[in-house]
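**Q** Chain residues, written in single-letter form:
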Amino acid sequence: MQTKKIKWTRFLLETALLVVLFSLVQYGISTRMLSQYYQINLTSMCINIILAVSLNLINGFTGQLSLGHAGFMAVGAYTAVIMTTKMDYPLLAGLVGAFLAASAAGFVIGVPTLRLKGDYLAIATLALGEIIRVTLQNIDYVNGPAGISGIPKLTTWAWLYGAVVLTILVVVNLINSSYGRAIISVREDEIAAELMGINTTKYKVMAFVIGAGFAGLAGALYGHYFYIIKPETFNFMKSFDILVMVVLGGLGSTTGAVIAAIFITVLTAALQPFPEIRMILYALILIIVMIYRPQGLMGNKELSRQTLGRIWGARR
Amino acid sequence: MTLLSINKLYKSFGGLGAVMNFNFHMEQHELVGLIGPNGAGKTTVFNLITGVYKPDQGEIIFQGQDLVGMSSYNICARGIARTFQNIRLFNELSVLDNVKIACHKDVPYSLLGALVRTPAFFKGEERIEQQALKYLEVFNLDIKRDELAKNLPYGEQRRLEISRALATRPKLLILDEPAAGMNPQETNQLMQMIEMIRQEFGLAILLIEHDMSLVMGVCERIYVLDYGQIIAEGLPQEIRNNKQVIEAYLGEELN
Amino acid sequence: MQELIQQLVNGLSLGAIYALIALGYTMVYGIIKLINFAHGDVMMVGGFVGFFSVTLLGTNIAVAMLLAMAICALLGIIIEKVAYRPLRNSSRIASLITAIGVSLLLEYLTIFLIGPNQKVFPETAFTVKAYNIGGLSILNKDVFVFVSAVILMLVLQYIIKYTKTGKAMRAVSLDNEAAILMGISVDKTISMTFAIGSALAAAAGVMVGVYYSTINPLMGIVPGLKAFVAAVLGGIGIIPGAMVGGFVMGLLETMVSGYGNSLYRDAVSFGVLILILLVKPTGLFGKDTGEKV
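Protein chains in written order, with this note's numbering: chain F, 133 to 448; chain U, 30 to 284; chain D, 10 to 302.
Derived by calculation from the structure, the hints in this document are not laboratory data. Computed from a predicted model, the values in this text were never measured in an experiment. Treat the hints with care, since some could be wrong.
Straight-line distance between alpha carbons at most 25 Å, and here's what the computed DSS-like set of lysine-lysine pairs gives [as the list claims (entries may be wrong)]:
#: 1; chain 1: D; residue 1: LYS289; chain 2: U; residue 2: LYS83
#: 2; chain 1: U; residue 1: LYS83; chain 2: F; residue 2: LYS249
#: 3; chain 1: U; residue 1: LYS134; chain 2: U; residue 2: LYS152
#: 4; chain 1: F; residue 1: LYS249; chain 2: D; residue 2: LYS289
#: 5; chain 1: D; residue 1: LYS138; chain 2: D; residue 2: LYS150
#: 6; chain 1: F; residue 1: LYS139; chain 2: F; residue 2: LYS433
#: 7; chain 1: F; residue 1: LYS136; chain 2: U; residue 2: LYS152
#: 8; chain 1: U; residue 1: LYS134; chain 2: F; residue 2: LYS334
From just these sequences and the hints, can you work out the full model?
**A** Dropping the structure here:
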């Protein structure tokens with residue numbers, strides 16, 4: 133059929149674009165055209181994208197306000213680092229282990245807390261994120277508050293890019309399916325969803341587990357780029373940073389989460405010498421966005437093929 | 030076998046009895062009405078049947094199975110669907126998506142299939158779309174398939190709610206004040222629609238309604254509830270002339 | 010035995026401080042169903058105002074506390090008007106997120122303007138004396154904290170029970186729309202609630218300064234969270250609950266750090282919170298009102 137041919141051409145075209153984007157940056161890195169400064173920020177950007185997109189799945193699409201995302205990042209980071217430094221596993225195994233461990237944490241935390249609604253859930257996740265941090269601070273095997281240092285720099289552009297593409301792909305494919313619709317119905321009206329046959333607890337936990345898993349993946353990549361991880365790295369401030377990205381981008385828009393993650397990374401880099409001003413600015417962003425444009429940048433709209441097509445058509 | 034049989038149902042909230050000694054039965058394909066003054070407990074009964082509340086006592090036997098203690102989504106899976114007194118649509122979603130969600134409980138592909146985009150996924154999505162459109166066509170809502178549910182006019186929102194409930198392929202459809210806010214013309218159309226879907230989909234229908242023309246017009250049997258208790262049960266003509274019922278509504282004896 | 014009583018005394022002082030802060034949380038939640046994340050930071054601002062009152066203006070501690078209470082009452086009113094009122098009809102999540110923003114704004118503005126280092130309350134502000142009662146050494150700062158707190162709580166009870174404002178607050182928290190129909194200005198009432206809650210937090214802030222001698226811009230976070238747990242423990246929205254919850258948390262914390270491991274002292278508060286939320290989210294005195302379908 134005609135549509136099948138179109139589908140295949142589109143698929144090949146999109147894959148080609150992805151490969152081109154990857155290669156361009158890789159070229160810049162290999163030839164050292166992109167300096168250390170840019171590489172570091174590129175890494176942070178990718179990690180932030182994964183964190184924002186995964187938190188958006190929980191907060192934006194499922195409508196469950198989770199304030200402890202950094203906790204899952206910590207679980208993933210520590211799992212991966214322990215696997216590579218103390219057990220001599222390769223990075224891939226570490227990443228998989230991080231994803232699974234963080235997902236498991238998501239499950240363990242999610243099942244009891246997702247019974248709670250709204251504010252109570254938010255506070256519970258905040259408290260649990262902090263409990264994870266405090267617990268890590270008191271475990272000697274991982275050097276408590278000093279953390280683990282001297283982590284080999286195994287994270288490369290290839291891993292980062294691959295992880296970002298995987299995260300976005302999984303989330304987008306999930307949302308654009310019947311399972312995604314079930315998840316969104318939980319946000320829209322939980323009681324009506326239940327009465328239409330949706331096991332809302334199952335889907336809340338599903339979103340939580342998948343979101344946590346990717347946060348863990350981000351944590352693992354982080355650990356293997358920035359040499360050191362300590363419990364303090366994954367405190368409420370980190371959860372707050374990710375929340376700002378998701379809110380700014382638009383709760384319920386993956387495109388928004390990506391754009392906001394990029395924007396916040398750039399802003400953080402620019403404001404590096406002024407940490408208090410950065411926090412004041414983020415706080416103001418949060419307040420102003422919530423009051424004047426609560427739907428954030430993208431609302432719940434996505435930059436889909438249709439919109440791109442329309443923009444393209446309009447320009448011609 | 031009796032489709033739905035409710036025995037000695039009790040529910041109170043903080044000491045106040047909302048439903049007391051509620052006994053009820055209903056057969057396949059029947060159209061039964063539940064009426065009574067405001068606050069009589071009618072919606073509470075619906076909430077008890079659909080698992081939103083748990084009864085303090087009593088049993089709710091649907092097709093031979095006791096529903097008490099079952100979660101709402103399980104009850105829906107067994108074949109009971111409902112609409113709400115205050116419309117509860119998925120507002121930010123399209124008309125089509127609202128109905129598609131009702132089709133989710135029989136989703137023909139796995140989560141992994143969705144993530145990896147197997148052929149089963151594409152075929153499944155196609156099937157779900159066809160099914161959802163079918164239910165929308167019944168109510169002439171297919172033309173508005175991409176409209177956001179919150180942007181529909183009131184009457185169409187009510188129809189969408191019914192359409193969505195139908196898409197769960199129930200054996201029993203529970204309608205909570207479907208004619209609320211409708212003018213006589215719309216109410217008439219609704220009456221015809223109710224009859225039509227009963228025939229077309231082979232359903233039993235239980236409805237709460239205040240509009241007496243609708244109740245007397247379509248219901249085969251009527252239960253009357255007042256202060257949480259059944260005060261009358263029978264055919265429309267019997268109920269119409271029942272003194273207690275008239276008293277309950279008007280609050281005084283008619284001479 | 011003596012040590013136990015000593016711990017109890019410490020616990021009561023700490024508990025009094027938590028209770029004052031918890032009252033602000035619970036009153037605000039009771040009236041607009043918002044968890045005022047920024048409340049702990051208002052306490053911090055109160056502490057700083059008290060500090061500057063003593064060091065720059067040379068006042069005594071009582072005047073410092075009153076000044077802190079007045080300024081923070083104003084701060085509370087401003088925060089409500091600017092950040093929370095526009096979102097009154099939005100989702101709860103939106104208000105919660107904004108409250109987090111306000112909290113961080115207060116913290117980092119303070120750091121930006123005054124610097125991140127802690128400030129020490131001068132000895133002259135409150136000379137610590139010890140009283141010897143029956144073999145126990147009770148410090149005058151314990152007495153000060155406890156007595157001031159009790160006085161403030163009694164004043165609050167009076168306001169709530171016998172004044173028009175108090176009645177209005179109760180009415181609005183029970184039924185917003187009915188209150189409007191009865192001619193109550195909901196906006197003014199909510200402002201009053203924030204003012205009173207913030208004033209109590211400010212008093213607590215000054216007490217913290219006196220009790221621990223130091224204050225710093227981030228000092229509102231942990232006590233704020235613990236006071237919040239206290240409010241939830243007592244039943245969020247229930248005023249006597251906040252008082253009881255505050256004292257329970259204070260006593261619990263002193264016991265844990267006195268007899269247990271002080272490293273886990275903070276984690277205990279989180280643990281209590283999780284426990285309450287899972288077992289009885291409505292708290293000790295709370296009732297469960299389900300959602301109307």
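**Q** It remains to establish, for every hint, whether it holds in the given structure.
**A** Status of the hints after comparison with the structure:
1. LYS289/D with LYS83/U: 19 Å, holds
2. LYS83/U with LYS249/F: Distance ~19 Å between LYS83/U and LYS249/F Cα, so the pair holds.
3. LYS134/U with LYS152/U: 16 Å, holds
4. LYS249/F with LYS289/D: Measuring from Cα to Cα gives roughly 13 Å; hence the hint holds.
5. LYS138/D with LYS150/D: Between LYS138/D and LYS150/D the Cα gap is close to 8 Å, so the pair holds against 25 Å.
6. LYS139/F with LYS433/F: 22 Å, holds
7. LYS136/F with LYS152/U: The given pair, whose Cα atoms are some 13 Å apart, holds under the 25 Å limit.
8. LYS134/U with LYS334/F: 13 Å, holds
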